[in-house]
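A.B. asks: Single-letter residue listing:
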Amino acid sequence: MAASDPPPGLTVRVRLFASLREAMGWAEQRLTTAAGTTPASLWPQLDPPDGEALPATVRVAINQQFADPATPLADGDELAFLPPISGG
Amino acid sequence: MSVSVSLHPDPFGPFLQVEQWQQQLGGDPAAATSLFIGRVRGTASDGQPLDALELEHYPGMTEAQLQRLATASARRHGVAAVMVRHRVGLVLSGDAIVVVAVLADRRGPAQRCCHELLEALKHDAPFWKREWSSGVGTWVEGNTPLTAG
Chain C
1 MAASDPPPGL TVRVRLFASL REAMGWAEQR LTTAAGTTPA SLWPQLDPPD
51 GEALPATVRV AINQQFADPA TPLADGDELA FLPPISGG
Chain B
1 MSVSVSLHPD PFGPFLQVEQ WQQQLGGDPA AATSLFIGRV RGTASDGQPL
51 DALELEHYPG MTEAQLQRLA TASARRHGVA AVMVRHRVGL VLSGDAIVVV
101 AVLADRRGPA QRCCHELLEA LKHDAPFWKR EWSSGVGTWV EGNTPLTAG
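Sequence lines, in order, name chains C and B.
Note that the numbering used here numbers the first sequence so that position 60 is 60, with each residue one more than the last.
Note that the numbering used here numbers the second sequence so that position 112 is 112, with each residue one more than the last.
Rather than coming from a laboratory, the hints here were simulated on the basis of the structure.
Owing to the predicted nature of the structure, the values given are computational and were not obtained by experimental measurement.
Where a beta carbon is used, it is the ideal one built from N, C-alpha and C, also for glycine.
Mixed in with the good hints, there may be bad ones.
Per the computed footprint, the stretches of chain B lying under chain C, defined by three or more beta-carbons under 8 Å from a beta-carbon of chain C, are [claimed, not checked]:
#1 11-23
#2 37-50
Distance windows between CB atoms, simulated [to be verified]:
#3 B:G108 x C:D68: 28 to 36 Å
#4 B:G27 x C:E78: 17 to 25 Å
#5 B:P9 x C:A34: 36 to 44 Å
#6 C:T11 x B:D124: 39 to 47 Å
#7 B:P9 x C:E52: 35 to 43 Å
#8 C:L31 x B:S134: 37 to 45 Å
#9 B:D124 x C:E78: 13 to 21 Å
#10 B:M1 x C:M24: 38 to 46 Å
#11 B:L16 x C:E28: 50 to 58 Å
#12 B:H123 x C:A34: 29 to 37 Å
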C-alpha cells in the first residue's frame, strides 16, 4: 500500500433495541466506515432523529459488553446502542 | 461458589425455581438464604390498569451480563451460591418477573448480596420494559428509585 492510500475501512454490525429501534425504524444493519471510527462518531451517520450528538442516556455495547463511546471500532465488531435500561 | 442464571419466555413458579435450584446444589442446606421475588404490578406508571408488560432483551449479552454481575456480587460478599431467574417476552400482571436468591453462611452477606445484585441487574443488565395499557404500548425509561414509596 502506498503511503498516500487512504486507511482501509472497517465493517461493523450495528444493532438497536427497544425505543431506539422504533425511533430509528430499523433493528440492524451492516455499515462500512473509516478506520478510527468510534460509536460516538458513527452515531451521526445513522441519521438520528434527535440531533447528531449521542444522547447521554444512550449506552454503548461492543461485542456484547458495555464500552466507552470513544472506543475505536475494529473490523467485524458488533456495536449496539442501548436506550435506558429497565429490568427487574 | 455457584452461579445459576437463566431467562424464561414462559411463566414460572418462583418458589419452585428456588426449590429445584437448591436440590441441584445438593449438600447440607445453607445457614442463610436471602430471596427476592418481583412481580408485575396491576397498574402502569400513569396509574392506568396494566394489561401486560413486554420485556425485551439483548440475546447473548443479557445472559452474559447477568452472569458477570452475579459472579462479581457473589465474590464481593463471599457467598456460597447465587441464582437469578428473569422473564422475557410478554409478562402478565401478577406474574413473577425476577427472582434473586442467595445462599451464604451468614445473614449479612446473604442479604447484602441479594440487595446489591437486584439493584445491579436493574441498572446494568440489558432489559427494556414496555407497558401495555388499553392497547397502547409505552416504553419505560429507567427504573423507579429504591426509595419510591
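A.B. asks: Evaluate each hint against the coordinates.
C.D. replies: Against the structure, the hints come out as follows:
no. : hint                       : in the structure
1   : 11-23                      : violated (count 0)
2   : 37-50                      : violated (count 1)
3   : B:G108 x C:D68: 28 to 36 Å : holds, 35 Å
4   : B:G27 x C:E78: 17 to 25 Å  : violated, 40 Å
5   : B:P9 x C:A34: 36 to 44 Å   : holds, 40 Å
6   : C:T11 x B:D124: 39 to 47 Å : violated, 29 Å
7   : B:P9 x C:E52: 35 to 43 Å   : holds, 37 Å
8   : C:L31 x B:S134: 37 to 45 Å : holds, 38 Å
9   : B:D124 x C:E78: 13 to 21 Å : holds, 19 Å
10  : B:M1 x C:M24: 38 to 46 Å   : holds, 41 Å
11  : B:L16 x C:E28: 50 to 58 Å  : violated, 36 Å
12  : B:H123 x C:A34: 29 to 37 Å : holds, 34 Å
Going through the hint list in order, the structure does not satisfy hints 1, 2, 4, 6, 11.
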